[in-house]
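K.L.:
As a plain string of letters, each chain reads:
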Amino acid sequence: MFAKDSGLLQGTVELLVLKTLSWGPMHGYGIASWIESATDDALSVEEGSLYPALYRMTRKGWIKAQWGVTENNRRAKYYHLTAEGRRQFKDQMSGWQRFAAAVTQAVTTKAAPSWAK
Amino acid sequence: MRDFKFIKSKPENEVDDELQFHLEERIARNVASGMSAEDAQRAALARFGDVGGVREECAKLLSADRKAESRRDLFDDLRQDLRFAFRSAVRAPLFSLLAVATLALGIGANAAVFGVVKSVLLDALPYADPGRLMRLYTPLRSSNLMRGAFSAGSVSDLRERQHSFSALGVYQSVRDVTYSGNDAPQVMKALWLEPALLQTLGVRPIRGPGFRDDDGAHDTATVTMLSYGAWQRLFGGDANIIGKSIRINGLPRTVVGIMPREFVPPETQADFYLPLGMSPFMRDPVSVRGSHNFGMIGRLKRGVSAEAAERELDAIGNELEKLYLKDNVGIGMTAVPLRDAMVGDTRTPLLVLLASAALVLLITCANLAGALLSRTIARRKEFAVRVALGAGRGRLVRQLLTESMLLSIVGGGAGIALAVLGLGALRGLSIAALPSYASLALDTGAIVVTFALALITGLLFGVGPALSVGRSDPQRTLRDDTRGASESVRTRRMRGILVAGQIGLCVSLLAAAALLMRGLLAITSAPIGVNSDGLLTFTLQVPSGKYRTTDSRVQLHEQVEQAIRTLPSVTGVASMTALPTTVTNSNGIFIEGSPRSPNDPVPFILTVIASNDYFKTLGVPLKQGRAFDATDRPNVPQTIIINEAFARKYFPKGNAVGSRLHIGPPGPDLLTIVGVVGNVRNDPTHLMPEPMMYLADGQVPFGDTYAVRTTGTPTLLLPEVRRAISTVDPVIPMYKVSTLNAVIGDAFRARRLPVVLMTAFGSLALLLASVGVYAMFASMASAREREFGVRVALGSSRGAIARLVLRQGGSWMVIGLVIGAIGVGVASRLVRTQLFGVPELDPIAIGIAVVALLVCATMALLVPVRRATRVDPITVLR
Numbered sequence: 001m002f003a004k005d006s007g008l009l010q011g012t013v014e015l016l017v018l019k020t021l022s023w024g025p026m027h028g029y030g031i032a033s034w035i036e037s038a039t040d041d042a043l044s045v046e047e048g049s050l051y052p053a054l055y056r057m058t059r060k061g062w063i064k065a066q067w068g069v070t071e072n073n074r075r076a077k078y079y080h081l082t083a084e085g086r087r088q089f090k091d092q093m094s095g096w097q098r099f100a101a102a103v104t105q106a107v108t109t110k111a112a113p114s115w116a117k
Numbered sequence: 001m002r003d004f005k006f007i008k009s010k011p012e013n014e015v016d017d018e019l020q021f022h023l024e025e026r027i028a029r030n031v032a033s034g035m036s037a038e039d040a041q042r043a044a045l046a047r048f049g050d051v052g053g054v055r056e057e058c059a060k061l062l063s064a065d066r067k068a069e070s071r072r073d074l075f076d077d078l079r080q081d082l083r084f085a086f087r088s089a090v091r092a093p094l095f096s097l098l099a100v101a102t103l104a105l106g107i108g109a110n111a112a113v114f115g116v117v118k119s120v121l122l123d124a125l126p127y128a129d130p131g132r133l134m135r136l137y138t139p140l141r142s143s144n145l146m147r148g149a150f151s152a153g154s155v156s157d158l159r160e161r162q163h164s165f166s167a168l169g170v171y172q173s174v175r176d177v178t179y180s181g182n183d184a185p186q187v188m189k190a191l192w193l194e195p196a197l198l199q200t201l202g203v204r205p206i207r208g209p210g211f212r213d214d215d216g217a218h219d220t221a222t223v224t225m226l227s228y229g230a231w232q233r234l235f236g237g238d239a240n241i242i243g244k245s246i247r248i249n250g251l252p253r254t255v256v257g258i259m260p261r262e263f264v265p266p267e268t269q270a271d272f273y274l275p276l277g278m279s280p281f282m283r284d285p286v287s288v289r290g291s292h293n294f295g296m297i298g299r300l301k302r303g304v305s306a307e308a309a310e311r312e313l314d315a316i317g318n319e320l321e322k323l324y325l326k327d328n329v330g331i332g333m334t335a336v337p338l339r340d341a342m343v344g345d346t347r348t349p350l351l352v353l354l355a356s357a358a359l360v361l362l363i364t365c366a367n368l369a370g371a372l373l374s375r376t377i378a379r380r381k382e383f384a385v386r387v388a389l390g391a392g393r394g395r396l397v398r399q400l401l402t403e404s405m406l407l408s409i410v411g412g413g414a415g416i417a418l419a420v421l422g423l424g425a426l427r428g429l430s431i432a433a434l435p436s437y438a439s440l441a442l443d444t445g446a447i448v449v450t451f452a453l454a455l456i457t458g459l460l461f462g463v464g465p466a467l468s469v470g471r472s473d474p475q476r477t478l479r480d481d482t483r484g485a486s487e488s489v490r491t492r493r494m495r496g497i498l499v500a501g502q503i504g505l506c507v508s509l510l511a512a513a514a515l516l517m518r519g520l521l522a523i524t525s526a527p528i529g530v531n532s533d534g535l536l537t538f539t540l541q542v543p544s545g546k547y548r549t550t551d552s553r554v555q556l557h558e559q560v561e562q563a564i565r566t567l568p569s570v571t572g573v574a575s576m577t578a579l580p581t582t583v584t585n586s587n588g589i590f591i592e593g594s595p596r597s598p599n600d601p602v603p604f605i606l607t608v609i610a611s612n613d614y615f616k617t618l619g620v621p622l623k624q625g626r627a628f629d630a631t632d633r634p635n636v637p638q639t640i641i642i643n644e645a646f647a648r649k650y651f652p653k654g655n656a657v658g659s660r661l662h663i664g665p666p667g668p669d670l671l672t673i674v675g676v677v678g679n680v681r682n683d684p685t686h687l688m689p690e691p692m693m694y695l696a697d698g699q700v701p702f703g704d705t706y707a708v709r710t711t712g713t714p715t716l717l718l719p720e721v722r723r724a725i726s727t728v729d730p731v732i733p734m735y736k737v738s739t740l741n742a743v744i745g746d747a748f749r750a751r752r753l754p755v756v757l758m759t760a761f762g763s764l765a766l767l768l769a770s771v772g773v774y775a776m777f778a779s780m781a782s783a784r785e786r787e788f789g790v791r792v793a794l795g796s797s798r799g800a801i802a803r804l805v806l807r808q809g810g811s812w813m814v815i816g817l818v819i820g821a822i823g824v825g826v827a828s829r830l831v832r833t834q835l836f837g838v839p840e841l842d843p844i845a846i847g848i849a850v851v852a853l854l855v856c857a858t859m860a861l862l863v864p865v866r867r868a869t870r871v872d873p874i875t876v877l878r
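Chains as they are written, first to last, in the numbering used here: chain Z, 1 to 117; chain R, 1 to 878.
A few of these clues could be false.
[Claimed, not checked] Straight-line alpha carbon distances no greater than 27 Å define the calculated DSS-like cross-link-like pairs of lysine-lysine that follow:
#  : chain 1 : residue 1 : chain 2 : residue 2
1  : Z       : 19        : R       : 60
2  : R       : 546       : Z       : 77
3  : R       : 67        : Z       : 77
4  : Z       : 64        : R       : 546
5  : Z       : 60        : R       : 546
6  : R       : 60        : Z       : 60
7  : Z       : 64        : R       : 381
8  : R       : 60        : Z       : 77
9  : Z       : 60        : R       : 67
10 : R       : 736       : R       : 546
[Said to hold, decoys possible] DEER-style ranges, computed between Cβ atoms:
#  : chain 1 : residue 1 : chain 2 : residue 2 : range
11 : Z       : 87        : R       : 417       : 41 to 49 Å
12 : R       : 456       : Z       : 82        : 40 to 48 Å
13 : R       : 93        : Z       : 87        : 22 to 30 Å
14 : R       : 16        : Z       : 97        : 56 to 64 Å
15 : R       : 394       : Z       : 97        : 46 to 54 Å
16 : R       : 66        : Z       : 39        : 27 to 35 Å
17 : R       : 93        : Z       : 11        : 51 to 59 Å
18 : R       : 394       : Z       : 87        : 35 to 43 Å
19 : R       : 443       : Z       : 87        : 45 to 53 Å
20 : R       : 395       : Z       : 11        : 39 to 47 Å
21 : Z       : 19        : R       : 378       : 53 to 61 Å
22 : Z       : 82        : R       : 395       : 23 to 31 Å
[Claimed, not checked] To spell it out: a stretch of chain R is covered by chain Z in this simulated footprint if at least three of its residues, at any positions, have a beta carbon under 8 Å from a beta carbon of chain Z; those stretches are:
#  : region
23 : 60-73
24 : 566-578
No lab work stands behind these hints: they were computed from the structure. Each residue gets a CB set at the ideal place from its N, CA and C atoms; glycine is no exception.
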């Protein structure tokens with residue numbers, strides 16, 4: 001799902017997780033599925049790398065884990081956002097948008113520099 | 001409310017489960033979209049990536065997270081415990097205040113005593129490698145005098161012969177000198193010591209070059225060093241004083257050094273240090289081996305043991321005895337480690353004090369344990385609710401321990417403040433009693449030990465009540481099943497034991513204090529044998545160069561005496577070689593006509609040279625014969641006067657007067673006994689007077705110490721006396737100015753300190769035990785309040801109620817007294833050495849202790865017992 005050479009910062013994984021969980025608590029597989037569908041599976045990195053990210057985010061206190069039961073009566077570990085996680089989501093979202101806007105502006109500009117041939 | 005904690009699974013298993021779920025879901029989805037089972041699995045694994053690697057990393061992250069969480073939990077628990085402890089302390093302000101106060105007293109007392117013990121017994125002496133330093137003495141055989149000083153001749157003889165010490169140094173007693181600075185001349189203390197002594201001690205000045213080896217070669221010291229204290233006091237720590245000249249005893253000396261701040265001389269403090277040379281003393285043929293006034297310190301050579309050095313010294317002493325029959329008979333040589341010499345006989349009293357302070361602390365703990373027990377019972381509902389709501393018992397116990405430790409740490413802090421104040425007060429009291437290097441302050445080590453003590457104390461008195469909570473049954477408490485005794489038998493017994501223990505300890509301490517007091521009273525009130533009031537005392541430093549002949553000295557003494565006697569308000573003048581209670585000189589005697597085998601030890605008798613008016617001036621009664629008079633002059637057969645103890649011992653038939661004896665080895669010149677006088681105790685701490693003999697100053701004029709009896713205040717007479725003496729000879733210095741009462745009092749000062757402290761501890765213990773008794777009766781009475789109400793309603797009299805309470809509590813007090821009886825036996829054994837003739841199980845002292853305790857205990861229990869009898873059945877039974 002996230003290609004190793006797609007050049008994405010680790011932070012974007014976290015942003016995606018935060019977005020996913022902003023809909024509500026979900027387990028790891030559910031998070032992976034939603035990201036897959038929301039990005040039309042455009043990002044391809046090994047799915048497994050999601051989990052260390054989840055554990056790191058738990059460590060940082062952005063999300064919290066709790067074992068629960070799925071609709072099919074199976075045991076799964078659900079994650080949900082903490083208050084701190086919600087704050088992080090807002091910050092990172094605006095940060096990303098500014099970053100994306102800046103890069104977009106730079107790569108679509110028509111104004112050539114003085115040294116262009 | 002925290003989540004229920006399952007038995008936590010291992011991190012690896014949890015991660016496994018999670019990843020397993022993920023893969024199974026993915027496989028299920030693949031199958032649902034048409035793949036075969038194996039394809040589905042393969043695709044899922046491919047999509048997932050490195051399962052093993054992810055699993056490992058996640059397990060690591062999870063366990064790290066768990067560890068951090070449990071650390072946080074612990075920290076939170078601790079903070080919560082402290083907050084609870086603080087709140088419950090604040091909710092019961094009286095109890096908390098009392099607890100902190102008693103803890104402050106108990107812990108503070110221990111801190112102070114430990115501070116003293118540490119600085120006297122544990123801390124290193126302020127010298128280099130102090131373990132190898134020894135103090136040398138010339139003990140007088142067959143006499144009390146173990147710590148004899150050296151004569152100049154013995155010093156040089158020893159230096160020639162010894163091989164055990166790598167360095168030896170010699171010093172004299174600290175003397176009063178006159179320092180003339182810019183202000184009026186002041187009297188300060190000076191110590192003459194050899195430059196070699198400082199090298200032996202391994203001490204160098206912190207400023208200035210210090211003494212050179214040849215600085216002692218002059219008869220008069222031309223250089224001096226200042227103590228750190230004197231440097232600060234006189235010159236404000238100005239480093240420019242080095243090289244300047246100051247006047248000591250009228251003569252200019254150049255300041256060549258400042259001693260380090262922590263340096264103390266081996267005996268007493270001094271302000272100035274002057275270099276000592278032995279040559280002038282070696283020149284005087286009489287005093288070279290006759291006067292003993294040098295202290296000596298040696299540094300053991302590497303590889304030489306103290307015992308070996310002592311053996312060598314003993315041998316040298318024997319050798320010198322044979323060489324110098326007249327002067328060295330009966331004089332040996334020995335050495336003790338310097339620390340032991342400086343500690344002196346303060347070790348036992350200090351250890352006894354430490355034990356007493358510890359006992360007081362134990363009593364405090366017992367007291368608080370009892371009080372805490374009552375409080376715990378009062379709070380049992382609170383604890384039952386907490387247990388029912390899920391708090392673990394372990395947690396409760398831990399929290400109660402936190403409460404008690406909080407109290408004791410606060411108490412410990414207050415105690416340290418008290419100890420600092422107390423030590424400050426003590427410093428004034430105990431200057432003479434403790435070795436000079438004892439700093440009497442709380443250093444870091446003492447403070448750390450005090451806090452550890454506070455923590456242990458908190459544990460000690462908190463653990464009992466805390467454990468009792470852990471065992472209580474919350475269901476019954478919540479149901480308010482308080483019918484019957486609301487104090488379990490176990491609790492009552494625990495409290496009773498605590499009170500009994502307190503009473504026992506208290507009685508022991510009080511008995512020890514009472515015994516010590518009686519001992520002190522015995523020796524201070526027992527008469528010395530002189531009339532010591534109104535006597536001014538001083539010593540003249542007669543330069544031996546100026547007064548060489550016996551006649552010149554006799555004349556000097558006569559003139560000085562006459563000059564002082566003519567002063568108004570003077571009723572008597574006496575001169576002597578040493579004041580009463582300070583006699584150190586003794587001589588061997590041989591009584592004419594009494595046969596002795598050569599193997600018998602030669603008796604050594606304390607000797608004083610006394611002027612004609614000595615006995616009259618000092619108030620020593622004449623029992624037989626006559627005192628010295630004008631017929632006792634030089635070149636006339638020598639006369640001698642003995643005291644009653646001498647006469648009783650050696651002339652039991654009463655024929656002392658007229659008999660003759662010889663001083664020193666058998667020889668021709670005999671002295672005739674012309675009188676017997678009353679006993680004067682030389683050692684005020686011994687009740688039995690020693691035999692003494694007196695020589696006539698008119699015949700051997702070496703008595704340069706004077707006692708002047710005046711009708712007014714002795715010290716006011718001093719300027720006139722100085723003037724009188726200066727009319728005879730203007731340049732004779734006067735030193736060691738004092739009064740006889742002060743001189744005698746000095747001997748007692750060392751004895752007074754332990755008594756004062758023990759009495760303080762005893763009183764503290766009494767206070768604590770009384771509080772304990774009060775608390776026991778109070779809680780007993782309140783616990784049975786309802787029962788008493790029922791009884792009164794059923795017609796019981798108030799007196800019967802009182803009897804009930806008294807019987808219950810009284811039995812514990814009796815047990816306490818029994819424990820106390822054993823304790824008294826132990827305590828009196830420990831203070832045996834300080835009792836001076838008072839019997840170990842002195843009934844008066846023990847009686848005082850027991851009565852004091854009973855009186856206080858009775859007062860303590862009156863209030864609760866009365867309250868119990870005043871119980872109103874209506875209010876109680878509602």
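K.L.:
Would you mind marking each hint as holding or not holding in the structure?
P.N.:
So, going through the hints one by one against the coordinates:
Our distance criterion of 27 Å between C-alpha atoms is met by residue 19 of chain Z and residue 60 of chain R, whose separation comes to about 26 Å. With a C-alpha separation of about 109 Å, the suggested pair residue 546 of chain R and residue 77 of chain Z falls outside the 27 Å cut-off, and the hint is violated. Taking the CA atoms of residue 67 of chain R and residue 77 of chain Z, the gap is near 20 Å; set against the 27 Å cutoff, the hint holds. Of the pairs offered as hints, the one joining residue 64 of chain Z and residue 546 of chain R is violated, with about 102 Å between alpha carbons and a cut-off of 27 Å exceeded.
Between the alpha carbons of residue 60 of chain Z and residue 546 of chain R the distance comes to roughly 95 Å, so the proposed pair goes past 27 Å and is violated. In summary, the hint linking residue 60 of chain R to residue 60 of chain Z is supported, as the alpha carbons are separated by about 15 Å, within the 27 Å threshold. For the hint linking residue 64 of chain Z to residue 381 of chain R, the alpha-carbon distance of about 37 Å lies beyond 27 Å, and the restraint is violated. This hinted pair checks out: residue 60 of chain R and residue 77 of chain Z have alpha carbons roughly 17 Å apart, not beyond 27 Å.
Between the alpha carbons of residue 60 of chain Z and residue 67 of chain R the distance comes to roughly 14 Å, so the proposed pair stays at or under 27 Å and holds. A distance of roughly 21 Å separates the Cα atoms of residue 736 of chain R and residue 546 of chain R; the hinted pair therefore holds under the 27 Å criterion. Separation of residue 87 of chain Z from residue 417 of chain R is about 48 Å and conforms to the stated range, judged on CB atoms against 41 to 49 Å. For the pair residue 456 of chain R and residue 82 of chain Z, the supplied restraint of 40 to 48 Å holds, since their beta-carbon distance comes to about 43 Å.
Distance hint check for residue 93 of chain R and residue 87 of chain Z: the Cβ-Cβ separation is about 43 Å, which falls outside the suggested range of 22 to 30 Å. Hint check: residue 16 of chain R to residue 97 of chain Z, Cβ distance near 38 Å, so the stated range 56 to 64 Å is violated. Between residue 394 of chain R and residue 97 of chain Z the Cβ separation comes to about 52 Å, which falls inside the hinted range of 46 to 54 Å. Here the CB-CB span from residue 66 of chain R to residue 39 of chain Z is close to 33 Å, well matched to the stated 27 to 35 Å.
Checked against the hint of 51 to 59 Å, the pair residue 93 of chain R and residue 11 of chain Z passes, with Cβ atoms roughly 55 Å apart. One distance hint, 35 to 43 Å for the beta-carbon pair residue 394 of chain R and residue 87 of chain Z, holds here, with the actual separation near 37 Å. Range check, residue 443 of chain R to residue 87 of chain Z: Cβ separation about 52 Å, and the 45 to 53 Å hint holds. Distance hint check for residue 395 of chain R and residue 11 of chain Z: the Cβ-Cβ separation is about 41 Å, which falls inside the suggested range of 39 to 47 Å.
A hinted range of 53 to 61 Å holds for the C-beta pair residue 19 of chain Z and residue 378 of chain R, which are about 57 Å apart. Between residue 82 of chain Z and residue 395 of chain R the C-beta distance comes to about 27 Å, which sits within the given range of 23 to 31 Å. Coverage of a stretch by a chain is defined here by at least three residues with a beta carbon nearer than 8 Å to that chain's beta carbons; for the region 60-73 of chain R and chain Z the count is 5, and the condition holds. Under a criterion of three residues with beta carbons nearer than 8 Å to beta carbons of chain Z, the stated coverage of the region 566-578 of chain R fails, only 0 such residues being counted.
Hint violations for this structure: numbers 2, 4, 5, 7, 13, 14, 24, all remaining hints satisfied.
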